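Undergrad: Residues per chain, in single letters:
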Amino acid sequence: MSLRKFITNKTTAALAVLLTVFANTSVFAQDAAAGAAAAPKVDMGEVYKSVIFYVLVFLAICLFIAIVGKAIRVYELSREAQGKPVGINWNRVHASLFALFLVLGLYGVYWEYTVHGAMLLPDAASVHGERIDKMFNLTLIITTIVFVVTHILLFGFSYVYKYSAKRKAYYYPHNNTIEKIWTIVPALVLTVLVLMGFLTWRSIFYKVEDPNNKPLQIEVTSEQFKWSIRYPGADGVVGKKNYKLTTASNTLGIDFKDLKSRDDLMADEMVIPVGKSVKLLLMSKDVIHSFYLPHFRVQLNTVPGMQTIFEFTPTITTAEMQQKTNDPNFKYLFYCAKICGSGHYNMQKVVRVVSQKEYDEWIAEQKPYLNDDLRKQFNLPVAPKPVEAGSDSIATDSAAVKTNQMALNK
Amino acid sequence: MSTIALHDEHNHDHADHGHHKETLISKYIFSMDHKMIAKQFLVTGIIMAVIAMGLSILFRIQLAWPDKSFPFLETFLGKWAEGGRIKSDFYLALVTIHGTIMVFFVLTAGLSGTFSNLLIPLQIGARDMASPFLNMLSYWFFFTACVIMMASFFIQTGPASGGWTVYPPLSALPTAIPGSGMGMTMWLISMVLFVASSLMGGINYVSTILNMRTKGMDLWKMPLTIWAFFLTAILGILSFPVLVAGVVLLVFDRSFGTSFYLSDIVMGTNILPNEGGSPILWQHLFWFLGHPEVYIVIMPALGISSEVISVNSRKPIFGYHAMVYSLIGITVLSFIVWGHHMFVTGMNPLLGGVFMITTLIIAVPSAVKTFNYLATLWRGNIRFTPAMLFAIGLVSFFISGGLTGLFLGNASLDINLHDTYFVVAHFHLVMGSAAIFGMLAGVYHWFPRMFGRMMNAKLGYLHFWLTFIAAYLVFFPLHFLGLDGVPRRYYAFTEFEFMKKWLTVNVFVTWAAIMAALAQVAFLWNFFYSIFKGKVAPQNPWESNTLEWTAPVEHLHGNWPGEIPTVYRWPYDYSKPGHDEDFIPQTVPFSQTMRSNLPHDFEGNTEAEKIQQDWELANPVTENKG
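Protein chains in written order, with my numbering: chain A, 1 to 410; chain B, 1001 to 1626.
The following block holds chain A by itself, in its conformation from the complex (with noise of 0.2 Å):
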């Protein structure tokens, strides 16, 4: 007897809740509804801001939820008082819902795939850039079907195979057989996949030098939080750097007692001729950053104290991605891939890739690193004036360079 007066007790108490909650509501909505007739705009822009109006509407959330509660556990003592079997069948909810998981996941992975999908870097622009989204695709495909296959199995098993008293499980401890082929099997494909990315490997980082098409020499320093980009002059190699000799005016420590860092210069841009193999030689003046060019697949750690190195050939220009891509702003970028401080999330450059005549054009433009001032502090001669002629310069330039060599040599 006393069972049932409490479950009264708790009906009367929970339907209490209830309606004092609704009255409540309807009596909120109600002013809100008288408000919003007498000044139709109420600024809610302050409200929204304070923190306790998201507490009181998390409260009032957990004060549903224990209604909620409540209420089934109410329905259930009724049930058991009844005498009828458990109000709820949980079970079988959970295997509903897991069925229910199984679909409205595998759709929501379909419209992922679809719309976020869609909104990915474009197709590589680089050779070896190709073999890697080859390879990125098969990858994609055989762990598409794995997912889904695995996932209709583990949400099809829990729905099929709920809990019933009437039923027992069927006892089947291992199958050697099924056991080697479901080992084998993965490791077959795993062995397609490691010898096709251990072949793509190979063809990034182990490059046989072409003596009479050697490739684009472009030094790149990193430092908290900027570039420098380094091209080399007339000879084709960029020249010694030495830490210890940064100073102010001489930021990356080239050292110009070695002739080939006389010609060097220095950018304020990266910019490639398509079609053309472009060596990136890496080096950090502080910390650890990442050199990230995405729509390359290049990337590459710049570490102190140590160059790396990176080959890779552009194919296509700027001006073709802007048509590919159906943006008439697309730039490609390099920035920083590797945490290095207060500054890692803004530390880009932007890369050009150009025809190789537009490259010869834009290069006789670049400014010597060797300035005057650092003429002075490395004793070398202060050199003429160079002839201010756009295209010139560079031939001037060298000339200039092996008048200093001259001078050196003596």
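Note that these hints are calculated values from the structure, not bench results. Model, not experiment: these values are computed from the prediction. Glycine included, each C-beta is placed from N, C-alpha and C at the ideal position. Incorrect hints may appear among the rest.
[Said to hold, decoys possible] Restricting the straight-line Cα-Cα distance to at most 25 Å, the calculated cross-link-like pairs of lysine-lysine (PhoX-like) are:
1. A:K84 to B:K1027
2. B:K1458 to A:K84
3. A:K367 to A:K226
[As the list claims (entries may be wrong)] Partial chain A-side listing against chain B, Cβ under 10 Å, derived:
4. G108
5. I142
6. F157
7. S158
8. A187
9. F198
10. I204
11. V208
12. N212
13. I339
Add chain B to chain A, keeping to what the hints say.
TA: The following block gives chain B in isolation, referenced to the frame of chain A:
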């Protein structure tokens, strides 16, 4: 039956244990009882998890609304969030400490520490750990490590902020980032204490498992939980010291002017005197621990889920031996894959190729485990207890996150995915969510064993569904940011034109993360409320076979009154045909289950086989056995 009868007498036995007087301090604080230490690990782990989750919500707010001001942030964080906006340095501190706490304090100590301590003695039939004192020290070193780590929030320069991997030179030079000052020193001290703690724990676990198993409990009769804890402990013992070595060298570099990791460094125009070191060295030392650490995190979770799935499917775990061998395979392989974290760090490309091969091989034992879980569910009789829900969730995360590992383990693909959000999504699914779900499955499953009370199942259901859905909503979209080339640890996406299209995704992910965080309130309430007010637990609430459920509900030092039970069979005799119940505890001898014995059970013991044959001849099988 005899064992069950025995427990009814435990009240009488309890008096016998009065001889060593328990004070409040010796019982609850400096306890040497493995069960109490397990609870200490668990509660500390939960508190740290809540803190780390809070930190993640803070930086998620920053990512979702980079240019909005939140005055309450300034109220809490002061100068680190001036004008209600989190500062860039502090953002990095948040991600660093979030990672450190989650990986080490929650998923290593909170998971392995809790369940190794609780289950090793109880499931192998020992009265306590091999060295209870060392066990107590292990907890207190861990606790001190937590306190020091948290204390770094209260110093002028803020906590360590070089990422949880603390790569030098960033972590070695206070001029590079303020967090590398005092905060980093505290991080290093905390980590040394933590490693000492896990070594003491690990040595204890290994020696207990090897030496203190009860009669009949040979290695191949151990539950998979114990196998997982055993191999995890071995991994920890062999890899954690390497981290200490690395940490000590870093301390030397930072404080005594050595150059193990530093060379050729110029801060602005300030030329540092260090010469000859290599930052790559730290990465090798760190990841030599760091990668096994990933398995230290996930293997206990896999062990727990094996047990939970088997119990609640009412079926033996499929391929018990294969499960053990794949754990052993993972253990061995995990030592030779660390280089896959370093494909693009400038390590010799030759090594990249080698590490790629070993890394992809490790996918084989992982695949075997997954398929075995699926086969265990097949034709089971599945009871969806909260623990079972979380175990199924774990399998789902393990698949999803494991598959993306095939991309990252492939050196060629890693070039473009390294240090992007793809990595973030990958490891948050496979080791974050999966391991957390393993831990939660363990908590729901063994709560009755820990506290003698039941947790509220319905709140558990709510907790599971909210968390499961929210975790996928948070981490699934992040893959696509990575595939678009968005690097991780970016304070704001505002400086890049192409990242702006992801801002709405960031807002969505943050709301999902907040939902996941709030869902944990259901757990926390349930957990702490049930400790005191939960329904009193029955002896064996899940009708499980393992030994821990034969110990009395009310804890006593020494676990079993009277003799420790003897083990006769493996732990997975669920739904064995011929037996009237759908489970046969390990303590039931074969002589009591003649009808259900299989030839395989006797492991080639001809005498026992003969007895069985004779019995079967004498008692011909009546049809409809099952």
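Undergrad: Let me know if the C-beta of F198 (chain A) comes in closer than 10 Å to any C-beta of chain B, holds or violated.
TA: For F198 (chain A), the interface hint holds, since the closest Cβ of chain B sits about 5 Å away, which is under 10 Å.
Undergrad: Would you settle whether the hint for S158 (chain A) is holds or violated, based on the nearest Cβ-Cβ distance to chain B being less than 10 Å?
TA: This hint holds: S158 (chain A) lies near chain B, its Cβ roughly 6 Å from the closest one there, short of 10 Å.
Undergrad: Hint check: is the beta carbon of A187 (chain A) less than 10 Å from a beta carbon of chain B?
TA: Check passed: Cβ of A187 (chain A) comes within 5 Å of chain B, closer than 10 Å.
Undergrad: Tell me if the interface restraint on I142 (chain A) is satisfied: Cβ within less than 10 Å of some Cβ in chain B.
TA: Because about 8 Å separates I142 (chain A) from the closest Cβ in chain B, which is inside the 10 Å limit, the hint holds.
Undergrad: If you draw a straight line from the CA of K367 (chain A) to the CA of K226 (chain A), is it 25 Å or shorter?
TA: At roughly 19 Å apart (the allowed maximum being 25 Å), K226 (chain A) and K367 (chain A) satisfy the hint.
Undergrad: With a cut-off of 25 Å on the C-alpha distance, tell me whether K1458 (chain B) and K84 (chain A) pass.
TA: Satisfied, since the Cα-Cα distance of roughly 20 Å is no more than 25 Å.
Undergrad: Does F157 (chain A) meet its interface restraint, that is, does its C-beta lie within less than 10 Å of any C-beta in chain B?
TA: Holds, about 4 Å.
Undergrad: Does the nearest C-beta of chain B fall within a distance shorter than 10 Å of the C-beta of G108 (chain A)?
TA: Holds: closest Cβ of chain B sits about 7 Å from G108 (chain A), inside 10 Å.
Undergrad: K84 (chain A) and K1027 (chain B): Cα distance at most 25 Å?
TA: The hint is violated at about 46 Å.
Undergrad: Grab the minimum C-beta distance from N212 (chain A) to chain B and call the hint holds if it beats 10 Å, violated otherwise.
TA: N212 (chain A) check fails; min Cβ-Cβ to chain B is 25 Å, beyond 10 Å.
Undergrad: How about V208 (chain A): closest beta carbon in chain B under 10 Å, or not?
TA: Status violated, d = 14 Å.
Undergrad: Hint validation: I204 (chain A) versus chain B, beta carbon distance must be below 10 Å. Holds or violated?
TA: holds (7 Å)
Checked against the numbered hints listed earlier, the structure breaks hints 1, 11, 12; every other hint is satisfied.
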